[in-house]
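Colleague: For the protein sequence lines, the chains are A and B, in the order given.
Take any residue in the first sequence, note its place counting from 1, add 6, and you have its number in our numbering.
Take any residue in the second sequence, note its place counting from 1, add 689, and you have its number in our numbering.
Misleading hints may appear alongside valid ones.
Stated by the list, open to error - Think about it this way: if two alpha-carbon atoms lie no more than 25 Å apart in a straight line, the pair counts; the simulated SDA-like pairs of lysine to any residue are:
| # | chain 1 | residue 1 | chain 2 | residue 2 |
| --- | --- | --- | --- | --- |
| 1 | A | K53 | B | V916 |
| 2 | A | K361 | B | E922 |
| 3 | A | K53 | B | R917 |
| 4 | A | K375 | B | R929 |
| 5 | B | K835 | A | T265 |
| 6 | B | K949 | A | H378 |
| 7 | A | K259 | B | S858 |
| 8 | A | K53 | B | E922 |
| 9 | B | K722 | A | I24 |
| 10 | A | K289 | A | N370 |
| 11 | B | K691 | B | K889 |
| 12 | A | K339 | B | E922 |
| 13 | B | K835 | A | G268 |
| 14 | A | K53 | B | P921 |
| 15 | A | K25 | B | V916 |
| 16 | B | K842 | A | A263 |
| 17 | A | K289 | B | P921 |
| 18 | A | K144 | B | L850 |
| 19 | B | K835 | A | P273 |
| 20 | A | K326 | B | R854 |
| 21 | B | K949 | A | V311 |
| 22 | A | K361 | B | E928 |
Unchecked claim - Calculated Cβ distances over 12 Å to all of chain B for the following chain A residues:
| # | residue |
| --- | --- |
| 23 | E60 |
| 24 | N108 |
| 25 | D244 |
It is worth saying that the hints were derived from the structure and are not from the lab.
All C-beta atoms, glycine included, are put in the ideal place defined by N, C-alpha and C.
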Amino acid sequence: MSRIIIHNEKVQNVSEVIKICPFGAIEAVDNVLSINAACKMCRLCTKRFPEIFEYQESIVPQIDKSQWQGIAVVAELTEKNELHPVTLELLGKARELAAKVNQKVLAFIAGFHVESSAEELFRYGADEIVIYDDEALKYFRAEPFTAALEDFINFRQPSVVLVGGTVIGRQFAPRAAARFRTGLTADCTVLDIKENSDLEQIRPAFGGNIMAHINTPNHRPQFATVRYKIFPFPEKADSPAGIKIRRTLAPGKLASAITVEGIEPLPEEQGIEEAQVIVAAGKGIKRQEDLQMIRDLAEALHGKVAGTRCLVEAGWLNHKQQIGLSGRTVAPKLIICCGISGSVQFAAGMKGADKIIAINTDPNASIFKIAHIGIVGDIYEVIPALLEQIRKGSVR
Amino acid sequence: MKIAICIKQVPGTTAVEVDPVTGTLKRDGVESKLNPCDLYALETALRLKESCGASLTAVTMGPPQAQSILREAFMMGVDEAVLVSDRKFGGSDVLSTSYTLAQALECAGPFDLIICGRQTTDGDTAQVGSELAELLHIPHAANVIKIRSLEEKQLQATVLLPGCRMQISMQLPALIAVDESIAEPRLPSYKLKLATADRKIKLLSLKDFTDTDESHYGQSGSPTRVVRVFPPEHNTRQERWEGSGQENALRLAAFLEEGKFLQNPR
Chain A
7 MSRIIIHNEK VQNVSEVIKI CPFGAIEAVD NVLSINAACK MCRLCTKRFP EIFEYQESIV
67 PQIDKSQWQG IAVVAELTEK NELHPVTLEL LGKARELAAK VNQKVLAFIA GFHVESSAEE
127 LFRYGADEIV IYDDEALKYF RAEPFTAALE DFINFRQPSV VLVGGTVIGR QFAPRAAARF
187 RTGLTADCTV LDIKENSDLE QIRPAFGGNI MAHINTPNHR PQFATVRYKI FPFPEKADSP
247 AGIKIRRTLA PGKLASAITV EGIEPLPEEQ GIEEAQVIVA AGKGIKRQED LQMIRDLAEA
307 LHGKVAGTRC LVEAGWLNHK QQIGLSGRTV APKLIICCGI SGSVQFAAGM KGADKIIAIN
367 TDPNASIFKI AHIGIVGDIY EVIPALLEQI RKGSVR
Chain B
690 MKIAICIKQV PGTTAVEVDP VTGTLKRDGV ESKLNPCDLY ALETALRLKE SCGASLTAVT
750 MGPPQAQSIL REAFMMGVDE AVLVSDRKFG GSDVLSTSYT LAQALECAGP FDLIICGRQT
810 TDGDTAQVGS ELAELLHIPH AANVIKIRSL EEKQLQATVL LPGCRMQISM QLPALIAVDE
870 SIAEPRLPSY KLKLATADRK IKLLSLKDFT DTDESHYGQS GSPTRVVRVF PPEHNTRQER
930 WEGSGQENAL RLAAFLEEGK FLQNPR
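In isolation and in its complexed conformation, chain B is listed as follows (with noise of 0.2 Å):
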């Protein structure tokens, strides 16, 4: 049993703001951090590898800084680590994304089954998982909420829906995007990341798929173009209250019950 984790470098801040007068980016500081919600797919994957003895690949798409993450999820207990890096991907947009993604794990694999976390905390579109599940033509769940089995060529899987739990049962190869609520992460171990400091994370570029059209890739594999970027438009209808908090008390009392918030509105 083959298990791949796909996880994503992130910033560690969000904090990007633009000069609204020369339309450039301003970005404190540049660390970065492993997606939180990826930490939840790792930890299905790790309890998948010690309740049935799978095989975990970590699989990222990034820049060469990207291999921090990978680091980290052998300190966590995966057993190999894939970086897909070109510069020709730079400038993906979520199909170009998966595509890559797609090229990547057919090359690394096959792999029995993909996890993926919900989404990313930069992208936010919680969208490559399905579209990497299409492109590589196999089924996908998201919201897993729990695994109940795992066999050779099935799984067992709860999902969350709106009103109601729903359990299922999926042909192996799939790919799930697990919720949150699935299981506690772990912490990198200190004794793992003694055990793993000399192997090998594997480089795929774009010369090492099958498919090794440019045009495919990067910006101009992505139909989706970012015509511009500006800063958000703040309130300008505004009042501000700076008194004590026992004048700011009574006031806001005031302010509530004028608007009739203190009433039942049913």
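Bound-form chain A, shown alone (with noise of 0.2 Å):
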């Protein structure tokens, strides 16, 4: 059992030391210093108070991490059947991660009729793919995956396993790990190798406030989630050749207790991940009708318009535009934050971006740190006379 023990004679300010828990989880009744389920085990009270709280861990039996071979890479297909980028992503970073520790780069798919998409695997660099090919998994259910993926694990063991942060990869991916009883951590942003085939991930966590290096220290396979557009398109591989392994599974295992009785495909539109220009608005916004000049603006600019959160709470925008920790991450070449602060969860949503121009009247805002350009002033004033400068540019 792995624990911080409290050394209560060593206190000598009690509220002071309570202080120290950004979680709230030092306790003090009659003075006597505890901890309570809000601990998240970050041991900050351990490098600030060394002497009051010592850190224990159990002496655990150590796994045989060699016995778990080659970075895996968990494709996901679109409703079209084509590759979503995000894999492709996932194949240039497992490609640096496997050169790292001399693995191999594995792919996993599956779905109905994926030998083509299977195939371009190889060019973004997979050494083996590993194909599930069956009608029970011509649509998403998370059950049938998770059973392909188990398979897949069983059969390979890779050492580390990739999966998009989608819609799709958040639901069967924790089901996996959660069945292997190993480790997951959600939208890493930095991915590192040690020798040992530890797995470095980074993370932004509260809100992406502040960013959290975790390890998988005794479970195999780690299980990472990376978001679309966190890490760049990859080129394609010099010599495209690989492995390719047909897997059946038996009928049973693809069993689902949901049944799907009707799709119905929704109009093709092109979401803020995919705009190269976006125009985003925050608090500075006083009123709903006053979103017609962020959209004006990029018109101009043949941009989408995406917001913070808090234009989403107010319904002003709808979820699909919301930039940030809890909406989208983007990475598009020009991004103008208007009137947004730039708290560090919006911050994570949008600082892939080539360029970042911010206009805020407070010269203290957050989003300066993070701005290319930073205007100190009034979008109220800057983007009609911006508007106005383009229009007789167009007239001209």
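Given two chains presented individually in distinct reference frames, assemble the corresponding complex, making use of the accompanying hints.
Modeller: Dropping the structure here:
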């Protein structure tokens, strides 16, 4: 049992000690400290007051990591049976990680009639592809997809499993991780690997206000999800070639308690993730109708309108337009942030943009910490004048 | 029909900062609130209670202070509330949180349907629901935008997938995670606040579970370890424009022109 032991006799100022826990997990009853269920084991207390807080980890038997070889990527298919670009981004990262530990890049693909997409995986660096092609996998349901992934993991014993942090990946990667009683780190933004194949995972935590460096030291495989547009799109491999293995599961294995009764295709819409230019609005917008100038600017720049959580919660924008940790991640060529204070939760969703321009009246707004061009000014002055200028230019 | 709703208390603000010198966390204010996505899970359940007569149990895992969100659930119309709390649960990651909830739901249940919100605003992982369903050996579907019918052994729902809406029927027991488009959440009622003021919250801790092995919970039961936390990096190549609105607009127009952003890319 790992725990934090408190040496109460060393405590001098109870209220000062209680304050250091950001989660309010240190309690005092009659001046005796204890730790409650809010503890996240961040162990900051052991660093701040090492004489009072002692971290004790029990010795557990170590697993044989050499039995787990290969960096696996879970391929995701779009409704047209094409590879989702996040899969290729992950393959690029997998190739980099695999080279460091001298392991292979494996790809797992499940669906119905997936052969041509499978070939594409070689072009982006997969050394070995394992295919599950079955009508039961035609539409996404978590149980059959988990069953296929479970078979793949038992069959190939990969050390790392990378999954896209998409609507689909977020539903079956956790199921598979739980089945193997192993760790899963969601929405990683940086991945590296140690010589012993321990994955170094960095992800934003607490709304992105801090970054957490996470390991899975004694469990395999190590699951990590990564959102679309976090890693760069990779180059094609020089000489695509590899081994292709088809696996079939007994029909009962792919059974599901969910029956698909109907599919209704939705009109194709380009999401903010695909946009090259984004004009984003925040709390600086005072009235819903004022969003019109944001829309006008987006239109002039052939871009998309997006915004912060507060505008979505106000019902002025829809959820698909929200940038941030609880919304979408974007990496456009240009983003203009209008009246956005720049919470880290928002910044985490857009700091991959090539050029960030921010307009805000508050010279100390956090958005200026990440903006390439910080314009201290009122959006109600700058944007109408800018639109006027653009209009003049187009007349000329 | 018994329905459980998994809810969580989250910080009222995510304004936590790391002091780059000392490496300690600074958090302004400690007020907490009900995770906003969970309001939609509660609303979904309340509508099922009204249409099918289901009984509702709100379940949360957290410190004793998390009782306040269970009181809020009472004020919205939930019948029972369970607080899952034990200091041995401290430091739980996704797996160990899901395992603890699975044990608690088995202990407080059985439930025919478990409803979760899309994600929490503090962890932002959106993964506990899926792991919980796995550990309970029941099917699950996320992004549920509509409940079409609920019967004794079956739920018909519509889920949102990339590029399509899918109509499904699920055998119960099952778990669903609902999208915010499913229903507009109601406000807590003052009448219900008064009516439920004396209602007891059920407390569950490790000793109440079927599996009481401490090594399966909290940090011991967590395969992942936080190595360290640190502040995010800031951009270093920056310029600041402090002229008048008109000056800035002209400068920006010139910048956009030069970068060819005003031309149609197609």
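Colleague: For each hint, tell me whether it holds in the structure or not.
Modeller: How the hints compare with the structure:
1. K53/A to V916/B: 13 Å, holds
2. K361/A to E922/B: Status holds; Cα separation ~16 Å.
3. K53/A to R917/B: 11 Å, holds
4. K375/A to R929/B: Distance ~11 Å between K375/A and R929/B Cα, so the pair holds.
5. K835/B to T265/A: Holds - the C-alpha atoms of T265/A and K835/B are around 16 Å apart, at most 25 Å.
6. K949/B to H378/A: Within the cut-off at roughly 18 Å; holds.
7. K259/A to S858/B: Distance of about 19 Å is within 25 Å: holds.
8. K53/A to E922/B: Holds, because 22 Å separates the two Cα atoms, which is no more than 25 Å.
9. K722/B to I24/A: Holds. K722/B to I24/A sits at ~21 Å (cutoff 25 Å).
10. K289/A to N370/A: Cα-Cα ~15 Å, so holds.
11. K691/B to K889/B: Judged against 25 Å, a Cα distance of about 18 Å means the pair holds.
12. K339/A to E922/B: 20 Å, holds
13. K835/B to G268/A: Given pair K835/B, G268/A holds - Cα atoms ~14 Å apart, limit 25 Å.
14. K53/A to P921/B: Roughly 20 Å separates the two Cα atoms, so the pair holds.
15. K25/A to V916/B: Between K25/A and V916/B the Cα gap is close to 22 Å, so the pair holds against 25 Å.
16. K842/B to A263/A: 11 Å, holds
17. K289/A to P921/B: 23 Å, holds
18. K144/A to L850/B: 13 Å, holds
19. K835/B to P273/A: 19 Å, holds
20. K326/A to R854/B: 15 Å, holds
21. K949/B to V311/A: 19 Å, holds
22. K361/A to E928/B: Answer holds: K361/A to E928/B is near 12 Å, not above 25 Å.
23. E60: Label holds. Min Cβ-Cβ 14 Å, cutoff 12 Å.
24. N108: Check passes; 24 Å lies beyond 12 Å.
25. D244: D244/A is indeed farther than 12 Å from all Cβ atoms of chain B, at 30 Å.
Of the hints listed earlier, there is not a single one the structure fails to meet.
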